[in-house]
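Hey, can you work out the whole structure from these sequences and the hints?
FYI, UniProt numbering numbers position 48 of the sequence shown as 48, with every residue one higher than the one before it.
The hints are simulated quantities; they were obtained by calculation from the structure and are not laboratory data.
Where is the CB? At the ideal position from N, CA and C, for every residue including glycine.
Keep in mind that a hint or two might mislead.
[As the list claims (entries may be wrong)] Between beta-carbon pairs, the in silico distance windows are:
# : residue 1 : residue 2 : range
1 : 69        : 17        : 13 to 23 Å
2 : 11        : 57        : 14 to 24 Å
3 : 88        : 110       : 37 to 47 Å
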Amino acid sequence: MRILWLIGGLLALAFGLVGVVLPLLPTVPFLLLAAFCFARSSERLHNWLLAHKSFGPMIEDWQRSGAIRPSAKRAATLSIAVVFGVSLVLGVKTTVLAIQAVVLSAVLFFIWTRPNG
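What follows is the structure, given as C-alpha coordinates:
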(Lines of atoms letter the chains of each structure in order from A and count residues from 1; the text may use other names and numbers.)
(Lines give C-alpha, C1' and ligand atoms only; values in the text may rest on other atoms or scores of the structure.)
Protein backbone atom coordinates (compact mmCIF):
# COMPACT_ATOMS: atom_id res chain seq x y z
CA MET A 1 0.00 0.00 0.00
CA ARG A 2 2.93 2.37 0.73
CA ILE A 3 4.02 2.18 -2.91
CA LEU A 4 0.59 3.43 -4.03
CA TRP A 5 0.81 6.38 -1.61
CA LEU A 6 4.33 7.07 -2.89
CA ILE A 7 3.22 7.01 -6.54
CA GLY A 8 0.27 9.26 -5.69
CA GLY A 9 2.58 11.68 -3.88
CA LEU A 10 5.04 11.80 -6.76
CA LEU A 11 2.25 12.39 -9.28
CA ALA A 12 0.72 15.13 -7.12
CA LEU A 13 4.14 16.73 -6.71
CA ALA A 14 4.69 16.62 -10.49
CA PHE A 15 1.32 18.28 -11.13
CA GLY A 16 2.07 20.87 -8.46
CA LEU A 17 5.40 21.70 -10.10
CA VAL A 18 3.73 22.03 -13.50
CA GLY A 19 1.16 24.28 -11.85
CA VAL A 20 3.93 26.70 -10.91
CA VAL A 21 4.22 27.69 -14.59
CA LEU A 22 0.72 26.93 -15.93
CA PRO A 23 -1.88 29.39 -14.68
CA LEU A 24 -4.89 27.07 -14.87
CA LEU A 25 -3.28 24.23 -12.92
CA PRO A 26 -3.29 24.99 -9.21
CA THR A 27 -0.07 24.41 -7.29
CA VAL A 28 -1.01 24.35 -3.62
CA PRO A 29 -3.78 21.70 -3.71
CA PHE A 30 -1.41 19.30 -5.45
CA LEU A 31 1.34 20.05 -2.93
CA LEU A 32 -1.11 19.43 -0.08
CA LEU A 33 -2.05 16.11 -1.67
CA ALA A 34 1.63 15.24 -2.11
CA ALA A 35 2.31 15.99 1.57
CA PHE A 36 -0.67 13.82 2.56
CA CYS A 37 0.55 10.94 0.40
CA PHE A 38 4.18 11.26 1.49
CA ALA A 39 3.12 11.24 5.15
CA ARG A 40 1.79 7.73 4.47
CA SER A 41 4.65 6.48 2.30
CA SER A 42 7.97 8.27 2.72
CA GLU A 43 9.09 10.13 5.81
CA ARG A 44 12.11 11.42 3.87
CA LEU A 45 10.01 12.96 1.05
CA HIS A 46 7.43 14.28 3.52
CA ASN A 47 10.15 16.02 5.55
CA TRP A 48 11.78 17.34 2.36
CA LEU A 49 8.50 18.84 1.16
CA LEU A 50 7.75 20.47 4.52
CA ALA A 51 11.29 21.84 4.73
CA HIS A 52 11.23 23.19 1.16
CA LYS A 53 11.92 26.94 1.14
CA SER A 54 8.98 27.82 -1.14
CA PHE A 55 6.47 25.01 -0.67
CA GLY A 56 6.88 24.17 3.02
CA PRO A 57 5.44 27.40 4.45
CA MET A 58 2.34 27.19 2.22
CA ILE A 59 1.67 23.62 3.34
CA GLU A 60 2.21 24.46 7.00
CA ASP A 61 -0.09 27.51 6.78
CA TRP A 62 -2.84 25.36 5.33
CA GLN A 63 -2.37 22.50 7.79
CA ARG A 64 -2.27 24.85 10.77
CA SER A 65 -5.20 27.14 9.97
CA GLY A 66 -6.49 26.70 6.42
CA ALA A 67 -4.63 29.90 5.53
CA ILE A 68 -3.35 31.15 2.19
CA ARG A 69 -0.62 33.79 2.02
CA PRO A 70 -1.65 37.15 0.52
CA SER A 71 1.07 36.87 -2.12
CA ALA A 72 -0.38 33.53 -3.23
CA LYS A 73 -3.87 35.06 -3.30
CA ARG A 74 -2.62 37.88 -5.51
CA ALA A 75 -0.78 35.48 -7.83
CA ALA A 76 -3.88 33.30 -8.18
CA THR A 77 -6.04 36.35 -8.89
CA LEU A 78 -3.64 37.60 -11.54
CA SER A 79 -3.45 34.16 -13.18
CA ILE A 80 -7.23 33.87 -13.26
CA ALA A 81 -7.58 37.35 -14.75
CA VAL A 82 -4.99 36.57 -17.43
CA VAL A 83 -6.68 33.28 -18.35
CA PHE A 84 -10.08 34.94 -18.60
CA GLY A 85 -8.60 37.82 -20.59
CA VAL A 86 -7.00 35.40 -23.05
CA SER A 87 -10.37 33.67 -23.46
CA LEU A 88 -11.96 37.03 -24.27
CA VAL A 89 -9.25 37.91 -26.78
CA LEU A 90 -9.54 34.51 -28.45
CA GLY A 91 -13.28 35.02 -28.88
CA VAL A 92 -14.39 32.00 -26.88
CA LYS A 93 -18.14 31.31 -27.10
CA THR A 94 -20.35 33.24 -24.71
CA THR A 95 -21.61 30.11 -22.95
CA VAL A 96 -18.07 28.94 -22.29
CA LEU A 97 -17.14 32.42 -21.04
CA ALA A 98 -20.16 32.41 -18.72
CA ILE A 99 -19.23 29.00 -17.30
CA GLN A 100 -15.62 30.07 -16.97
CA ALA A 101 -16.66 33.30 -15.21
CA VAL A 102 -18.83 31.42 -12.69
CA VAL A 103 -16.19 28.77 -11.93
CA LEU A 104 -13.30 31.23 -11.70
CA SER A 105 -15.38 33.58 -9.53
CA ALA A 106 -16.12 30.69 -7.16
CA VAL A 107 -12.40 29.88 -7.00
CA LEU A 108 -11.56 33.50 -6.25
CA PHE A 109 -14.26 33.65 -3.59
CA PHE A 110 -12.83 30.54 -1.92
CA ILE A 111 -9.27 31.85 -2.07
CA TRP A 112 -10.07 35.32 -0.73
CA THR A 113 -12.26 34.03 2.12
CA ARG A 114 -9.42 31.91 3.55
CA PRO A 115 -7.45 33.45 6.39
CA ASN A 116 -4.11 35.07 5.52
CA GLY A 117 -1.08 32.90 6.18
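Going down the list of hints, with the structure as the test:
1. 69 to 17: 13 to 23 Å: Given a distance of about 18 Å, which is inside 13 to 23 Å, the answer is holds.
2. 11 to 57: 14 to 24 Å: 23 Å, holds
3. 88 to 110: 37 to 47 Å: 23 Å, violated
Of the hints listed earlier, the one the structure fails to meet is number 3.
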